[in-house]
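The chain contents come next:
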Amino acid sequence: MTPPLLGLNVAPDAVFLSRTRRMLEEEADFLEITPETLWAAGCAPGPHWDDMVALVAKSALPVVGHGVGLSLGTPGIDARAERWLAAIRRDHAAFHFLWYSEHFGFAGADNAWAALPLPLPPTDEAVQSVAARLRRLRDIVPTVAFENNVGYATLGAPSSEPVFINAICSAAECGLLLDLHNVHVQCDNLGVPTDAYLAALDLSNVIEIHVSGGSISDPRWLASGRTMRLDSHDGPVPPEVWTSLAWALPRCPNLRGVVLERIDGSLGEADIPAHEADVRRLREMLC
Amino acid sequence: MLSEVQRILVAAAHAEDAPARLRALVDEACRGGAEDDARAAPRLTADERAWLLAMDPDGLRVTSLLVRKLRFERVVRGDATLLRRFEDDPAAFTNVFRAYCRDVAPTFAFPEDEARAFRAYADTDAPGTG
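Chains as they are written, first to last, in numbering that gives the first Met the number 0: chain A, 0 to 286; chain B, 0 to 129.
Note that these hints are calculated values from the structure, not bench results. Just so we're clear, the structure is a prediction, and the values are computed from it rather than from any experiment. C-beta atoms are modelled at their ideal positions from N, C-alpha and C, and glycine is treated no differently. The reader is advised that the hints may include incorrect statements.
Claimed, not checked - Think about it this way: if two alpha-carbon atoms lie no more than 25 Å apart in a straight line, the pair counts; the simulated SDA-like pairs of lysine to any residue are: (1) Lys68/B <-> Thr33/A; (2) Lys68/B <-> Ala13/A; (3) Lys68/B <-> Ala80/A; (4) Lys68/B <-> Ala222/A; (5) Lys68/B <-> Asp233/A; (6) Lys68/B <-> Ile215/A; (7) Lys68/B <-> Gly264/A; (8) Lys68/B <-> Glu35/A; (9) Lys57/A <-> Val14/A; (10) Lys68/B <-> Pro235/A; (11) Lys68/B <-> Asp187/A; (12) Lys68/B <-> His232/A; (13) Lys57/A <-> Val140/A; (14) Lys57/A <-> Glu26/A; (15) Lys68/B <-> Gly267/A; (16) Lys68/B <-> Arg228/A; (17) Lys68/B <-> Ala111/A; (18) Lys68/B <-> Pro46/A.
To be verified - Taking CB as the label site, the calculated pair distances span: (19) Ala104/B <-> Asp123/A: 26 to 36 Å; (20) Ala273/A <-> Ala23/B: 41 to 51 Å; (21) Trp246/A <-> Thr123/B: 50 to 60 Å; (22) Arg219/A <-> Leu82/B: 19 to 29 Å; (23) Asp26/B <-> Ser159/A: 17 to 27 Å; (24) Thr80/B <-> Leu16/A: 20 to 30 Å; (25) Ala91/B <-> Arg219/A: 17 to 27 Å; (26) Pro252/A <-> Arg118/B: 47 to 57 Å.
Stated by the list, open to error - Take a look, some chain A residues computed to stay more than 12 Å from chain B by CB distance: (27) Ala59; (28) Ala93; (29) Pro141; (30) Pro161; (31) Pro237; (32) Ala245; (33) Asn253.
Build out the structure end to end from the sequences listed, making use of the hints.
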């Protein structure tokens, strides 16, 4: 089996690119971009679009797309979705995505936009809605996947989510982007054993894995003082996620790449050594 | 029905008291409408109603905070002058933003659109801007 590739996310942020430049140039086998971060209103190319095209061309690395805003779970294909898909098609012509992933959930309804992917009910209707949008996405980029999201509150038992995910992969004939930090966050917050969640997934669907770190919510957020883990992608990879990655790697026969995610704006100068250490650790695990 | 579940969740996610807003919307959906209303039948299945009402209230509150935080970020990222206004007087700006969230539907996906709408709201004689 070909070892999976090591990927790093790139963002249109000069400081972030400067601080991750060495890792991007020396360690990344592929790059992951979120196309809508390059768009302006109406899904038109924004002020950083040309720069990103140039950066990717200069790197000579393959690219995957990882979107947030297609809103996979919204029923039907409305005018907004058509504009979004047209923009992805345009970007695919420029970036030649190896594969394209979107977030599990829905980002808007009834002309109201949440931006944060919200949970779906575990129904056949939801399975078919997600599958329909993934099929339209696959008309543009031949290999598509969706990512397990973090639900701070879910519809139905969170322990049943793997069954729901497996059903969508089957209905849509698509891959799964397994975000191990998202699994860690959701399971910890909602009291589900991580190993049971992972064991219930059909790991033959996994084409990409994400690892990252996060944070803990401010205790002032909730009147109870309760805190929750957040999928903020703004910290080093925690030990539990490395453990999950070690478990998952030999069990994902169709895995193509693992991306170490870090959100732009979260990487200070003092954070660079730890981030580079995470990249080196990931490289060792993938060899 | 999926679209009704989603309409309720998005509306609750934008509310300052997400659990209370969700309960109210679920009750309204399950009552249905007037007899001559095409949506007279309850708009949620029994399962959908049960799942919505069983959502972790703290999880809903955190979700709502993050959704509204993202809306705030669209405002200040979409217009550098609005970011400066916030930095100059965070409390006043936040009060206007809260009023904006109550009065203006969250229809914008891109920062420049959200910022333009916020500026139009804030620069008129809107509640909380005086």
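**OP:** Output the numbers, in ascending order, of every earlier hint that fails for this structure.
**Re:** none
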